[in-house]
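S.K.: Single-letter residue listing:
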Amino acid sequence: MSEVTRADICAIAIAETFRGDGEILASPIGNLPQIGAKLAKLSFEPDLLMTDGVAYLRGDVAPVGAPADNPIVEGVMNYRLVFDTLWGGRRHVMMGASQIDRYGNQNIACIGDPAKPKAQLLGMRGAPGNTINHTTSYWVPKHGPNVFVEKVDVVSGVGYDRARELHPASTRWHEIRRVISNLGVFDFETPDNRMRIRSVHPGITVEEIVEATSFELAVPDDVPESRLPSEDEIALLRRIDPKANGPKEVPG
Amino acid sequence: MDKRTSIAAVVGELRDGMTIGIGGWGSRRKPMAIVREILRSGLKDLTIVSYGGPDVGLLCKTGQAKRVVYGFVSLDSIPLEPHFRVARQAGTIEAQELDEGMLQWGLYAAALRLPFLPTRAGLGSDVTRMNPHLKTVASPYDDGEELIAMPALELDAAIVHMNRADMHGNGQFLGPDPFFDDLFCMAAKRAFLTCEQIVSTDQLLKEGGPYSLKINRSVVHGVVETPGGAHFTECPPDYERDESFQREYAMTAKDPDAWDAFRTTYLECDSEEAYQEAVKAR
Numbered sequence: 079m080s081e082v083t084r085a086d087i088c089a090i091a092i093a094e095t096f097r098g099d100g101e102i103l104a105s106p107i108g109n110l111p112q113i114g115a116k117l118a119k120l121s122f123e124p125d126l127l128m129t130d131g132v133a134y135l136r137g138d139v140a141p142v143g144a145p146a147d148n149p150i151v152e153g154v155m156n157y158r159l160v161f162d163t164l165w166g167g168r169r170h171v172m173m174g175a176s177q178i179d180r181y182g183n184q185n186i187a188c189i190g191d192p193a194k195p196k197a198q199l200l201g202m203r204g205a206p207g208n209t210i211n212h213t214t215s216y217w218v219p220k221h222g223p224n225v226f227v228e229k230v231d232v233v234s235g236v237g238y239d240r241a242r243e244l245h246p247a248s249t250r251w252h253e254i255r256r257v258i259s260n261l262g263v264f265d266f267e268t269p270d271n272r273m274r275i276r277s278v279h280p281g282i283t284v285e286e287i288v289e290a291t292s293f294e295l296a297v298p299d300d301v302p303e304s305r306l307p308s309e310d311e312i313a314l315l316r317r318i319d320p321k322a323n324g325p326k327e328v329p330g
Numbered sequence: 134m135d136k137r138t139s140i141a142a143v144v145g146e147l148r149d150g151m152t153i154g155i156g157g158w159g160s161r162r163k164p165m166a167i168v169r170e171i172l173r174s175g176l177k178d179l180t181i182v183s184y185g186g187p188d189v190g191l192l193c194k195t196g197q198a199k200r201v202v203y204g205f206v207s208l209d210s211i212p213l214e215p216h217f218r219v220a221r222q223a224g225t226i227e228a229q230e231l232d233e234g235m236l237q238w239g240l241y242a243a244a245l246r247l248p249f250l251p252t253r254a255g256l257g258s259d260v261t262r263m264n265p266h267l268k269t270v271a272s273p274y275d276d277g278e279e280l281i282a283m284p285a286l287e288l289d290a291a292i293v294h295m296n297r298a299d300m301h302g303n304g305q306f307l308g309p310d311p312f313f314d315d316l317f318c319m320a321a322k323r324a325f326l327t328c329e330q331i332v333s334t335d336q337l338l339k340e341g342g343p344y345s346l347k348i349n350r351s352v353v354h355g356v357v358e359t360p361g362g363a364h365f366t367e368c369p370p371d372y373e374r375d376e377s378f379q380r381e382y383a384m385t386a387k388d389p390d391a392w393d394a395f396r397t398t399y400l401e402c403d404s405e406e407a408y409q410e411a412v413k414a415r
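Residue numbers (the working numbering), protein chains in the order written: chain A, 79 to 330; chain B, 134 to 415.
Just so you know, the hints here were simulated from the structure itself, not pulled from any lab data. Just so we're clear, the structure is a prediction, and the values are computed from it rather than from any experiment. Incorrect hints may appear among the rest.
[As the list claims (entries may be wrong)] Which chain A residues stay away from chain B? Per the calculated CB distances, all over 12 Å, these:
#, residue
1, Gly-98
2, Ser-121
3, Asp-125
4, Arg-255
[Unchecked claim] Below, in silico cross-link-like pairs of lysine-lysine (PhoX-like), each with a Cα-Cα straight-line distance of 20 Å or less:
#, chain 1, residue 1, chain 2, residue 2
5, B, Lys-136, B, Lys-413
6, A, Lys-194, B, Lys-199
7, A, Lys-196, B, Lys-347
All residues carry an ideal CB built from backbone N, CA and C; glycine is no exception.
Take the sequences, apply the hints, and build the full model.
M.R.: This is the structure in structure tokens:
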């Protein structure tokens with residue numbers, strides 16, 4: 079068994095966010111989210127639907143970063159069908175976040191005043207529609223005070239405080255399930271849906287996480303360590319990520 | 134009806150201040166031959182509606198786009214469109230930034246001649262702060278839910294690029310995704326289709342099944358055969374993205390000299406044919 083890396087811990091934590099999702103479209107955006115979701119599909123969530131990253135649903139699970147020789151296509155998921163699927167709620171997306179706050183408001187649009195931004199980023203993309211329609215999680219490969227902020231400059235993905243202000247019928251499917259970073263795992267399972275430390279990755283302390291976060295996190299009395307992969311999971315991870323893209327994103 | 138025409142004639146129909154929808158997605162199957170002709174034309178004060186890629190970046194850089202309606206502007210392999218980024222940060226364009234799905238909904242409303250379509254997308258987000266003209270509508274039924282009324286995005290003209298078409302305006306995509314090109318055509322007063330190759334109607338099913346005929350001739354007003362017309366964006370299966378050209382293009386946002394050289398070589402050509410020659414000579 080090869081050595082367990084920090085990237086493996088993140089991949090397991092990401093996979094765990096898809097546990098229980100069943101037969102829905104998993105849309106992991108980014109390297110480690112891809113690796114984690116594929117691990118979930120190959121182990122405990124075999125019914126997940128995943129795309130080839132372009133427009134087709136894959137019946138098999140290909141390694142990341144490698145073009146497949148004989149892809150099995152089980153269906154079509156072009157952009158129009160993506161919108162239909164997500165507005166119908168049969169999806170769990172894991173997006174990135176340039177900024178995120180204590181209630182899970184996420185910004186990927188721009189830094190500064192959106193009328194004349196200091197830095198234009200990706201734009202709203204699908205974040206507003208995703209967060210109001212189905213389960214959303216976030217992946218932050220570099221946890222720091224400029225990402226975990228007191229207040230996001232622009233709300234792309236809708237957090238719990240914003241959702242609470244809406245008509246209750248509109249937020250029936252709003253769920254920010256998990257935030258995974260290179261330091262730990264976070265959720266919103268608190269009385270007022272403030273972000274809470276769910277677990278710390280092995281080798282990381284709660285103090286380090288608090289230091290790297292600009293807002294006050296809910297910290298339970300006993301914070302568990304993020305779980306380690308089993309030997310079978312390690313074997314799967316090496317198969318899913320043969321070029322070690324995960325450790326390039328999160329070293330250590 | 135034979136709707137074959139030229140890119141010069143298509144752009145000759147456009148006027149300053151028009152709202153123009155551009156098909157494709159990011160740096161994928163963009164009607165670049167017509168975009169290049171617009172760059173040569175000097176048209177100005179345009180409102181561009183697009184799943185944005187280099188089409189938006191170029192029209193921002195030349196100052197011809199006054200307003201842009203978009204969910205993102207990306208070059209795919211280069212996540213942020215550099216010229217669009219510069220324009221946003223300098224405040225030189227009016228930005229109407231929407232959720233990607235809202236953009237589809239606005240085009241669909243226009244296609245169906247409806248004033249708006251209701252949606253949850255955008256609720257609670259700063260889409261409403263960035264688009265103060267957006268209004269909500271209450272469901273008239275017992276649920277009483279408050280929804281965003283996405284207004285129709287009516288287009289004066291639409292331009293799209295397909296793999297194949299016939300001279301009547303039946304358009305065919307052979308790649309993996311039709312994107313929203315049919316909606317762009319349906320939402321526009323006048324729609325123009327460029328393609329890699331014009332074939333006779335009886336040859337349309339030679340390369341793809343009936344469902345690849347995504348655009349029918351009733352919504353198309355002009356057809357132009359422009360081989361390489363999506364360059365440097367991808368147009369599979371005919372060609373992949375020209376990544377090295379795209380990198381050269383992206384570099385021009387950082388270096389005024391590089392932009393001048395790029396403009397002289399590729400944008401100040403007399404014609405699309407001259408552009409394609411310049412690309413070959415690279």
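S.K.: So, against the hints stated earlier in the document, which numbers end up violated here?
M.R.: 5, 7
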